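S.K.: FYI, in this note's numbering the residues of the sequence shown are 8 to 213.
Hints are computed from structural coordinates only; laboratory data are not their basis.
Errors might be hidden in some of the hints.
Okay, derived cross-link-like pairs now, EDC-like style, lysine to aspartate or glutamate, Cα gap no bigger than 20 Å in a straight line [as the list claims (entries may be wrong)]: (1) K176 <-> E138; (2) K175 <-> D132; (3) K176 <-> E139; (4) K59 <-> D132; (5) K176 <-> D144; (6) K131 <-> D144; (7) K164 <-> E139; (8) K182 <-> D132; (9) K113 <-> D143; (10) K140 <-> E89; (11) K113 <-> E138; (12) K175 <-> D144; (13) K126 <-> E89; (14) K166 <-> D144.
Just the calculated beta-carbon pair ranges, DEER-fashion [what the hints assert, rightly or not]: (15) M181 <-> K59: 13 to 21 Å; (16) R163 <-> K57: 31 to 39 Å; (17) F186 <-> R119: 31 to 39 Å; (18) L120 <-> W76: 29 to 37 Å; (19) L120 <-> K86: 19 to 27 Å; (20) N154 <-> H130: 17 to 25 Å; (21) L120 <-> F58: 25 to 33 Å; (22) E89 <-> N128: 20 to 28 Å; (23) R85 <-> R119: 31 to 39 Å; (24) R169 <-> E138: 28 to 36 Å; (25) W76 <-> N128: 19 to 27 Å; (26) E89 <-> R60: 15 to 23 Å; (27) Y171 <-> T142: 15 to 23 Å.
Bear in mind that the values here come from a model prediction, so they are computed numbers and not experimental data.
Ideal Cβ positions, reconstructed from N, Cα and C, are used throughout, including at glycine.
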Amino acid sequence: MGYRCMRCGDKVLFAVVVISQLLLTTTHAFPRGSFREYAETGTSSSEGPKFKRYYKLYSRCSRSYVSQWRNSLSAMARKASEFDKFIFVTNSFNSQLRIKVAKTNKYVCFNRLGRVTLKVNAHKDNQCLFEEKLTDDNHTRLQSVGNREWFLGFNRKGKVLRGYKQSKKCMDLMKIALFNSEEYQPFRPGSFNFLRTRRDASGENT
8 MGYRCMRCGD
18 KVLFAVVVIS
28 QLLLTTTHAF
38 PRGSFREYAE
48 TGTSSSEGPK
58 FKRYYKLYSR
68 CSRSYVSQWR
78 NSLSAMARKA
88 SEFDKFIFVT
98 NSFNSQLRIK
108 VAKTNKYVCF
118 NRLGRVTLKV
128 NAHKDNQCLF
138 EEKLTDDNHT
148 RLQSVGNREW
158 FLGFNRKGKV
168 LRGYKQSKKC
178 MDLMKIALFN
188 SEEYQPFRPG
198 SFNFLRTRRD
208 ASGENT
């Protein structure tokens, strides 16, 4: 009887430990109020866990790369630039994302008039949230969460369009994946650090 009680006690203790760890993990993954906020509004402004992906964007309409131009965007870049790399930041529990220029850490947003602008702080602004839409021919369209009728787009000359002034072709973008942040840092010859070794009396490396 005593042995059975000891085994029961061990099981109860193990269950308590497991539940405690689950609660801690859940609290870390979903900050206080963030999941409720997302469930009620479809968006979240919390600073919870984020996933980052690195891309270049290529405009189908202008046939050029998208890059930062002053405090907005353009699609006129024919050659690689330090301002044409973007970070797609997604929350852990939804498909909405924020897009920022890797070089300046400024977020891509729409203002109230539908113009594209860049902001340093965009965590509480739905006009800086986007959703990706995939077309039948595998192009990407970036739809504004703040106004579902607005899309990020560029005309044939590479000028960024207002959210509501769109032809379907000019919404189409191609994403070129950069697998990590090192992809857009230029290689510099001689940047390796070589490990020096010394030889002992037998001639072997140490």
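S.K.: Please write out, lowest number first, the hints stated earlier that are contradicted by the structure.
M.R.: 2, 6, 7, 8, 9, 10, 14, 18, 19 and 24
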